[in-house]
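Protein chains in written order, with the working numbering: chain A, 1 to 286; chain B, 1 to 241; chain C, 1 to 455.
Some clues are possibly wrong.
Claimed, not checked - A few chain B residues that don't get close to chain C, going by computed Cβ distances all over 10 Å:
{"hint": "1", "residue": "20"}
{"hint": "2", "residue": "29"}
{"hint": "3", "residue": "55"}
{"hint": "4", "residue": "65"}
{"hint": "5", "residue": "66"}
{"hint": "6", "residue": "79"}
{"hint": "7", "residue": "140"}
{"hint": "8", "residue": "148"}
{"hint": "9", "residue": "185"}
{"hint": "10", "residue": "186"}
{"hint": "11", "residue": "196"}
{"hint": "12", "residue": "209"}
{"hint": "13", "residue": "214"}
{"hint": "14", "residue": "217"}
{"hint": "15", "residue": "221"}
Unchecked claim - Taking beta-carbon pairs under 7 Å as the criterion, some of the chain B residues facing chain C (in silico):
{"hint": "16", "residue": "50"}
{"hint": "17", "residue": "76"}
{"hint": "18", "residue": "84"}
{"hint": "19", "residue": "90"}
{"hint": "20", "residue": "94"}
{"hint": "21", "residue": "95"}
{"hint": "22", "residue": "96"}
{"hint": "23", "residue": "104"}
{"hint": "24", "residue": "106"}
{"hint": "25", "residue": "107"}
{"hint": "26", "residue": "111"}
{"hint": "27", "residue": "114"}
{"hint": "28", "residue": "121"}
{"hint": "29", "residue": "122"}
{"hint": "30", "residue": "165"}
Hints in this document: simulated from the structure, not taken from any laboratory.
Where is the CB? At the ideal position from N, CA and C, for every residue including glycine.
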Amino acid sequence: MPLLPTAARLVALAVLLLVAAIAAPEAAARDSIRVGMIPDAGSTQVSVEEKAPLRDYLAKAMGQSVELIIPTNYNATVEALGNETLDFAYLGGLTYIKAHQLYGVVPIVQRDADREFHALFIVRSGLPIQSLQDLKGRTFAFGDINSTSGHLMPFEALRRAGIDADKDLKYRYTGSHPATAKAVETGAIDAGAIDESVYQAMQKDGKLDGAKVRVFFTTPPFVDYVWVGRMQVDAAVRAKFGEAFLALQPGRDDRILAILRGNKFVRATDDEYDTLRRVATDLKLF
Amino acid sequence: MLLIQNLTVRYRRKATATLREVSISVGAGERVAIIGPSGSGKTTLFRAISGFVPTETGRIMVAGADILQARGGQLRTLRRGIGVIAQQHDLIERMRVYHNVMAGALGRWSTTRALRFLFWPLCGELDEARVALERVGIAEKLRARTGELSGGQQQRVAIARALVQQPVIMLADEPVASLDPDLSQHILSLLCQLAGEARIALLCSLHQHDLAERYFDRILHLQGGVLSDYAGPAVQFATAS
Amino acid sequence: MLAGFFPPDLSLSYLAALTVPLMQTISMAAGGMLIACLIGLPLAMFVGAQVRGARLAYGLLSGLRAIPDLTLAILCVVVVGIGPAAGMLALAIFYAAMIGKVFADLFLAADWRPIEALRSVGATRLMVAFYGLLPMTLTNLVSMGCYSFECAVRAAVIVGAVGGGGLGAELVGTINAFDYGRATTLIILLVIVVSALDSLSWLLRRHPRAVLLLIPLGLAALWANWPETLALRHAATTIGGMFPPALPLPALQALPRLLLETAFIAGAGTLLAAVLAVPLGLLAARNLVPAPVAMATRMLLEVLRAVPEVIWGLVLVTLVGVGPIAGVVALGLHSVGVLGKLYAEACENVRRAPVQALEATGARRLAVACYAILPLASAPVAIHTLFRLEWNLRAASVVGMIGAGGIGQALYNAQQLFFYDQMMAYVLITWAIVLLADALSDWTRRRLGWATVIA
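With these hints in hand, go ahead and build the complete structure from the sequences.
Pasting the structure below:
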């Protein structure tokens, strides 16, 4: 009699192969740095290519090859930090506080404008909407459900104005800021909430017809976007990453600053986000 | 070689038994025919001897061991000693003839050898298949696709498979039911001749009396699940071999 | 709004940029299918050999298959991270269950006589599988395998949309960026790929041995997509966070409405499809209409079928806005493609004798259709429709995730907000509902005495 029945031997072989297959690639180290960006203009091959100058700049500054990755949604970006697919990422305020809580990601730098950021309420020109109260019964677009300037802070502004979005608005999530702008421009939706820097950049680049959309409300300032690093990434590498952003200068690095939609970068810290945490907890989004 | 005592089989939903108190004994080299109308229980009897049918009472002794008590590896060993030839439809039509013939050897082969033979048959193994096919007269069909063979040829392949098995008992369930009269005679005489040569106990079911009388040592009659002697040149119940 | 989808962007530079996502999608499907076959086939053989534990394994396979692939994909993105590896893993799990169940059904339906002949030789179960079950069912295995592969490519697009990358991510991206011309390009590409697979499966059915040639492709795909790191600790904590599943009170109160909405999407979508599929199916039946008409109708059905529900959903959400109507139309469009084809085949496969008898009386085509072909084809038509309804219940929860509402949307939002315990609660509820529907439709079929038709 053989030691084991055939079936058991086959199972053992399969398990062995599986273990070998899992173990082998893990031993091989990755030599490029992976940087994730939020899907604010669609996560397509083309949009990755548009950001090639940023990738090249970072690669040069870090002395290592850099891969830019745009996941399809905010959640995927955070989970990618958690399971170590990404080393650095560009996160919104709300996603940052979640990623920090879940995986201890470290804030590195942000645009100076991110410290006093605003969300805009936009409406199609010609509609009689002048204040938040006028939105009652209208169709309304939030961006991604995890977006700070596209969902969390506008939601808070509505609540302060006495509007219960769940009852008073017919709202949907468009998944991104440009999508919100386009939905309002084309008339698919009456009004929406959008990130101010995306709105301005879209108008400047001619991607949005300024005559068809107007801003009717601006939220009070809050802290938003931030570049973060995974906790396990070497502190020196994180510092180098931050320096690369701090060294950006208007005039010299305009192409890269245009991609980043900013003028100047400053160091970011975690305690800036305490207010945001309170709001998010109040709204049961955190 | 084969000894059946008081075998009763009852299918779950039926009130009457399919086989009632059936007793048979077949010695080595003896050729026994069972005749009876369709539905009389012949196929059930044969499947019971191979251990495929749950039985109510009785014993089926194959080469001294009760197949009804055997399980797992022991059951497989006992089955290895029983060659089965069915009406048809029990060959794998997609496979080549030598695969079907050598399937008779699966009982004594290791799993690795069985898998290897599927993709990589060795010369010696093919020769064994060819010898078996020569004995049934269709050696030239060794590499043919089984499904492309005629009914008579397929029946010969089934016999060749049973020969490769080197059984001590051969069960043939209506082996000529779907063949024309000439071919039927040929197949039956072949079967009986081979059984005689190899001292195999042959149990064969038929529904043609004339064929049974011509080729078999002894004839039994099965009707309504009850076995009786056949009026004719039948011999009295033999004692166990 | 619809005009925005034309003309498609067929510029060379864009088409060149699409090769990477296209390869990702195909390799996700190929690698996933290879793993699925390696796991599913032995499991199916295990069930087919009817040894002890086979029933349990069969139940397990049915259960696993009832989890929507998109849900699995989301789970895999959480565990493996973004990229084709997650998608591949999700497809591997889903299709291992699918192949296991479908192949097991084929094995269980195989002719028992040759099997018994092999067992009577004293062959072990494994030998019986290789000398009997596999060769006997090979043609059906290959054709079901090809069908599954085609489904897997479509599923690869879907799982791509939630983080698997490839064409799915590209499509979601273009639609989010309101780049409709490019979305049309992607849909055309998808239709081409699926019809290419159709001809591949036709080839394989004639030369089943050529299936072996797909193994290197699958291996290459596995090599390319294998996750660099399986963050096992991360996976364990994340999955740990999903238990115990819990729903806060407001979510519980909203549950009946969500379930009704999902059921409505499934029911109305199937009804819409069935109503449209009857005339289209008749127009596609080669024994009823002139060949050119049948061909043209078949092409239309093919296009409708090639685009998965979720992709129709993405397009429709932009056209008719978010809400159940988008879901109903999305399910309807894809299901018309599927049902129309099946109805046409049912008409073509009816027994000739009664039809000829009626034709001999000099009856017109329409009369022949109404008095002979339709009554004869009604049983398979009913079976296919029932199967579709069951399938659409699963699909309704999936299109919910992209904005059609219902329980799918609730699941997606919970996942997006990292409320994994809530997400798991929704996953389990969806799963239970689908299992219930499975059992219900099984029961109905047996009640009505219909034989099981596979997929």
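Here is what the structure says about each hint:
no.	hint	verdict
1	20	24 Å, holds
2	29	21 Å, holds
3	55	16 Å, holds
4	65	13 Å, holds
5	66	17 Å, holds
6	79	4 Å, violated
7	140	22 Å, holds
8	148	15 Å, holds
9	185	24 Å, holds
10	186	22 Å, holds
11	196	22 Å, holds
12	209	27 Å, holds
13	214	27 Å, holds
14	217	24 Å, holds
15	221	25 Å, holds
16	50	4 Å, holds
17	76	4 Å, holds
18	84	5 Å, holds
19	90	4 Å, holds
20	94	4 Å, holds
21	95	5 Å, holds
22	96	10 Å, violated
23	104	6 Å, holds
24	106	4 Å, holds
25	107	3 Å, holds
26	111	5 Å, holds
27	114	5 Å, holds
28	121	13 Å, violated
29	122	17 Å, violated
30	165	6 Å, holds
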